[in-house]
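Undergrad: Single-letter residue listing:
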Amino acid sequence: MATITAPSSRQLDRTERQQRRRRNVWSYLAMALFAVIFLFPMVFMFISSLKPDAQILSDVRSLNAFLPVGDLSLDNYRDVFDRVPVARFMINSVLITTLIVVLGLVVNSMCGFALSRLEWKGRGAVLAVVIATLIVPFETIAIPMVYWVSKLPTLVFEGGVPKYDFGWLNTYQVQIIPFIANAFSIFLFTQYFSTIPKSLDEAARIDGAGWFTIYRKIVVPLAGPAFATVAILTFLPAWNSYLWPLMVVQEENLRPVMVGMQYFFQLNPAWGEVMAYTTLITLPVLIVFLSFQRAFVSSVAASGVKG
Amino acid sequence: MKRRSLVTIVSVSAASALALSACGQAGQGDGGSGDGPQELTMWTHSAGNPAELEVYTKIIDDFNASQDQYTVVTESFPQGAYNDAIVAAAAAGDLPCLLDMDGPIVPNWAWAEYIQPLELPTSITDNLLPTAVGTYQDEIYAAGYWDAALSIFARKSVLDANAIRIPTIDEPWTIEEFDAALATLKAAGYETPLDIGAEDKGEWWSYAYSPMLQSAGGDLIDRETMLTADGALNGPEAVEFFTWFQDSFANGYTSNSGTIGNQEFNDDVVALSYTGVWNAMGSLEAIGDDLLILPPPDFGDGPKIGGGSWQWGISSSCDAVDGAREYLEFSFQDKYIAEFSDKQVVIPATAAAEELSANFGEGDPLRPFVELSQAYALARPATPAYPVISSTFEKAAKDIMSGSDVQSTLDGAVQEIDTNITSNDGYGF
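Same order as they appear, the protein sequences are chains A and B.
Numbering-wise, the first sequence is residues 1 to 307 according to the working numbering.
Numbering-wise, the second sequence is residues 1 to 429 according to the working numbering.
Next comes chain B alone, as it looks inside the complex (with noise of 0.2 Å):
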């Protein structure tokens, strides 16, 4: 390399470093400096859903102009990656005012100290769906809104052709029904099938499996105490129920294989899609008439769907709290969380915007989730253990669809959750 070649590209990268770093720090202003508006700094999980961001915006934009005390800020992260930045910032000391997160992180996130009580008035939180609320100790930290469900996606032909009953909410498929079903389908030349998404990771297999186990009988923990995971996660409830999640993978009634989301159901690959509400129009679209959605099995214990979807809390660091909250109570508008609804395909949080929306009301198309989310909807675990019995969870889960041991693999689950939870003083229980 030629002399001034080496002391020109030094000299250039040594400029622009040092020009980039201002044009870095010049994007950074917190504005609301002097007599103007205070600034409300807000974070979403909602990057690359341009959806849900129009709603957002819309929002926003209608707050802004309804007053001039506060001005709302956004920045949007990606979904996959906004806890690791959410943790990166608390542990930086630089959370905003206002963010949303899953509904099963919030008590983590409040016994943590990253978010604090929400105090909106009761004539919202008490509107809202039970599982749109979300809750540490007693206390509301967050609220959303609206809420997601499961349910069994079938074509109404393939059942009549294989004489296969249709459940309702009010008779649900015993288990006993389910497996005789599929075992029908087999027969009729599904090489699997059911489609439980097993080839999906993270909070899934929680939110879709660990329902089935409470249909059961068993739980993720003790509900009462929050102190511990024995007698609930490795019990003869939760041993027969993953007995039943073991075998149906062993006798080729489901798989791990294939993609996420459901285009091998509308492809008629497989028979029955145990899924979610986002994918409900795409197959609609695709099937039409012949869709039906229908409630889970019941294995035993009344079928269970999962509850808790993205809520929204304020900041522990927040230094306008009051202004935060005018925001919060301000979105809560029911054409806002019908607009939610008919963009990102999701149950409204509050009756009246299930009847805006054009899909929730009475008489729509999507109705059934709104009665399956009645019906069986329950919140995981409010503590803020979660995170760890949700991944331990998915690990036991995995371990046991390949094969190993229910027993013994449950009981480690247990012991794991069980030194995490002692190990940190019973996370305020």
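Extracted from the complex, chain A is given alone in its bound form (with noise of 0.2 Å):
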């Protein structure tokens, strides 16, 4: 007479075990897939910054163009430094970005404070006015912007005498001052603010605590997510700053990177130098998102945005 024995514990533990690394492999591939197509442009990029220009045009139709093949060196490199003063971009980018991102936490950030913690008359108002301009593209107040910018007083230094004078054109000030306080970011922040229990700012208070100490001290240190997530939102269209520093800024030394991929577009386009420069500027975009990635992920997750 057959039997038929019951799996031991062990077998059954090797069969999860098998088809969990089944799942694995499955999952570990489509991601493996996915990694490599959003790889693609970069590696195009960067090989393609190591050929010359009649080379990337005869590669473009074959897998060629993502192999480091042919004539490769740092021609373009050396080339870019020759048409654009990178350096100069790099450093005006840096310093433009990094004071918009600083200064727009402190200040978004203490705004969607005010918005969500203060009690006061008409901040639902105010509120559905900073949402409201978010409907309104930035190409459509660009001129009338040029424009006023033009007219306000500014302090100006000469032969070392600080004088007053009208015109923020052609200056540091005016491309970071207009962008530090941001609609989206004073909506994020109320929003994720609002989240926090106001039980904590009751408790504060009855310590002894004044406002900007509960913004401090218990807000701040709470809000982790959205301080990251308004900073990344924030770096990147500082970062990628196009229009604005165009029409603001005449003298070379003061533009920002974005300004220079345009010094690369002449009647033929140098491509070679075009993917050089792209691939330097996109270095410390890569870094910061590098450096913040876990807390870039985390706060994706806790606040629901998508950047």
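If you're looking for bench data, these hints aren't it; they were derived computationally from the structure.
Quick caveat: nothing in here was measured; it's all calculated off a predicted structure.
Don't take each hint at face value.
Here are the simulated EDC-like cross-link-like pairs (lysine to aspartate or glutamate), alpha carbons at most 20 Å apart as the crow flies [to be verified]:
#1 A/Lys151 with B/Glu355
#2 B/Lys156 with B/Asp268
#3 B/Lys58 with A/Glu16
#4 B/Lys343 with A/Asp82
#5 B/Lys343 with B/Glu355
Chain B is nowhere near these chain A residues, computed Cβ spacing over 10 Å in every case [claimed, not checked]:
#6 Leu12
#7 Met31
#8 Phe34
#9 Pro68
#10 Gly70
#11 Val149
#12 Phe184
#13 Ile206
#14 Asp207
#15 Val288
#16 Phe292
We put the CB at the ideal spot given by N, CA and C, even for glycine.
Assemble the dimeric complex from its two separately framed chains, guided by the hints.
TA: This is how it looks when you write it as structure tokens:
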């Protein structure tokens, strides 16, 4: 008589492990495929930056476009530095972007705090107005803004003597100050702060804390994901800024990196140099992203914002 | 974030912002204060073009050294961003004294009062190629050191091997001959025998293809009145040309794929290339004596090529007009014009500079471009409506290339142009 024996727990474990391994293999394969798809442009950019123009154009019809084959050199990088003051543009962009991000975090978070935590008349209307500005595209107000910034008062130094003058064109502040306050950042901070229990404020108030102390010691430490999200969402447009600096900055030594891209588009674009330049200006973005990768991923999950 | 680090970061950021503001302003001095020379600000579209900038630097250095009344200070912008920068500067009342501009935009900037009549001596302007002088309402507003020209590049060996007649200026290809040549070359194995640069965008479309339309008897606008495109852009001649244009894509004689530039011709992927003088040196290096620089085909009214390149003007807000004119007069010396030609590979604007140049004198390799320019160059319509005409033409031509109905597309384009002209009270015409 045949007997049916129940599978031992060891056999069950093995089967489960095999199934899990199979699932892992498939999911890793899928992830690897997506990674390759997303990496292709970067690989193409970097590999092409090492090739002469003629080879880039001939390789583009084959897989060679992604392979370091043929006449490879750093000539394009050398030519980029001959054509464009890269170091100057990079320094400008790093300064401008850093200041916009840091000052933006402070100003917008304080604004969000006031709108979400403080009780004052009309805050709902103010928040509505702030949100309403999101629907106005920047391009539509760019020219009026150029006019206004050209009339703003400013401090100038003539022979070391401080004087008042008018006009912000051709300055760093015209590239920074208009972008510190940001409606979307305020909205995001307002929403995030409203999820933090108000009982914490009340407890702090009983202990004698003022509003700034509550903001600084309670709300800010609990809002890490919101700060990370806003930092990244502010960083990218600031780094990629093109139209505004183009309109308000005429001096070459004040221009940011994105305006430099246009230097390569003469009658015939210098594709190798374009790729070398884009590689150079992508590096800071990659460094920032990789440095804050963990915070960024968790912030996206926590705040529900897709960058 | 710890309190101390937060406070430190904010303090450092605020201090940096203030310091940078001061730095930015420090570089903005207008100079020329007191008894020193008066500063002449000058903007060019030449950023990223070291060869052209080198000549400007030389002229400016020579001019500044030649007198002590004015100092020219230049700022260069990338070409693709230049017009936006000018429009923004005009809005802010911050235009420089001297500025360059693409030929067809001159009437618009004159009408918008960005620039003022040039008033250079006729001894200078009369010597220039007609297409190197920018006018609006019969008044000269700009003048340039060079012009460019388009032609058909071909390999002599390929035409000979396929028994295709080599056209001349006196006897260009008729459109029937041209079509037959394209069919022959396609049959000979060229997947798309002609590269007309349709992968490009912007002003190229009007610059390259409106001369074909004019060769067929149409035009971008009625040049008699400058008030309507009706009949010029949508008449039977225009419809006939655009039908040919559409068919040439449908038949596979040309395409809008590929890359900007002349690499496909140099690599023998295409047999013929409709391109400009700026690509000639590259092709000469690539294929040497086998290169033929040929006239474009005759669509019925004789071949035409576009005229008008970058030119110099004086802004309306310039407070040193005499100095600006003095600089321009100084700059229009044949030696400088020839140097621009050599460095940029463009046609010199004066006959004397042609002879001084390395490439465009009698017997020089690029001389055919001078002859093509003299025989066929036609300036784009000198109307402030040109930017609208050009962008409308580009959109319509692209739609037709993609297969839209020719007549209705052209009628739509005419309506768009005419509406714009009407809403601007005829732009002064």
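Undergrad: Taking the hints in turn, state whether each one holds.
TA: Here is what the structure says about each hint:
1. The suggested pairing of A/Lys151 with B/Glu355 is violated, with an alpha-carbon distance near 50 Å, which exceeds 20 Å.
2. This hinted pair checks out: B/Lys156 and B/Asp268 have alpha carbons roughly 12 Å apart, not beyond 20 Å.
3. Between the alpha carbons of B/Lys58 and A/Glu16 the distance comes to roughly 79 Å, so the proposed pair goes past 20 Å and is violated.
4. A C-alpha spacing of about 16 Å is found between B/Lys343 and A/Asp82, which places the hinted pair at or below 20 Å, so the restraint holds.
5. As the CA atoms of B/Lys343 and B/Glu355 are separated by approximately 15 Å, the hinted pair is consistent with the 20 Å bound.
6. With a cut of 10 Å on Cβ distances, A/Leu12 stays outside the contact zone with chain B, its closest approach being about 49 Å.
7. Every CB of chain B lies more than 10 Å from the CB of A/Met31, the least distance being 33 Å, so the non-interface label holds.
8. Distance to chain B confirms A/Phe34 as a non-interface residue, since its nearest Cβ pair spans about 28 Å, more than 10 Å.
9. No Cβ of chain B comes within 10 Å of the Cβ of A/Pro68; the nearest lies about 21 Å off, and the non-interface call holds.
10. With 10 Å as the threshold on Cβ separation, the claim that A/Gly70 sits away from chain B holds: the shortest Cβ distance comes to roughly 14 Å.
11. Not every beta carbon of chain B lies more than 10 Å from that of A/Val149, the smallest distance being close to 8 Å; the non-interface claim is violated.
12. For A/Phe184, the shortest C-beta to C-beta distance to chain B comes to about 20 Å, beyond the 10 Å cut-off, and the non-interface label holds.
13. Under the 10 Å C-beta cut-off, the non-interface status given to A/Ile206 relative to chain B holds; the minimum distance is some 21 Å.
14. Against chain B, the non-interface label of A/Asp207 holds: every CB pair exceeds 10 Å, the least being about 16 Å.
15. Distance to chain B confirms A/Val288 as a non-interface residue, since its nearest Cβ pair spans about 16 Å, more than 10 Å.
16. No beta-carbon of chain B is positioned within 10 Å of the beta-carbon of A/Phe292; the least distance is around 13 Å.
In summary, the numbered hints that this structure violates are 1, 3 and 11.
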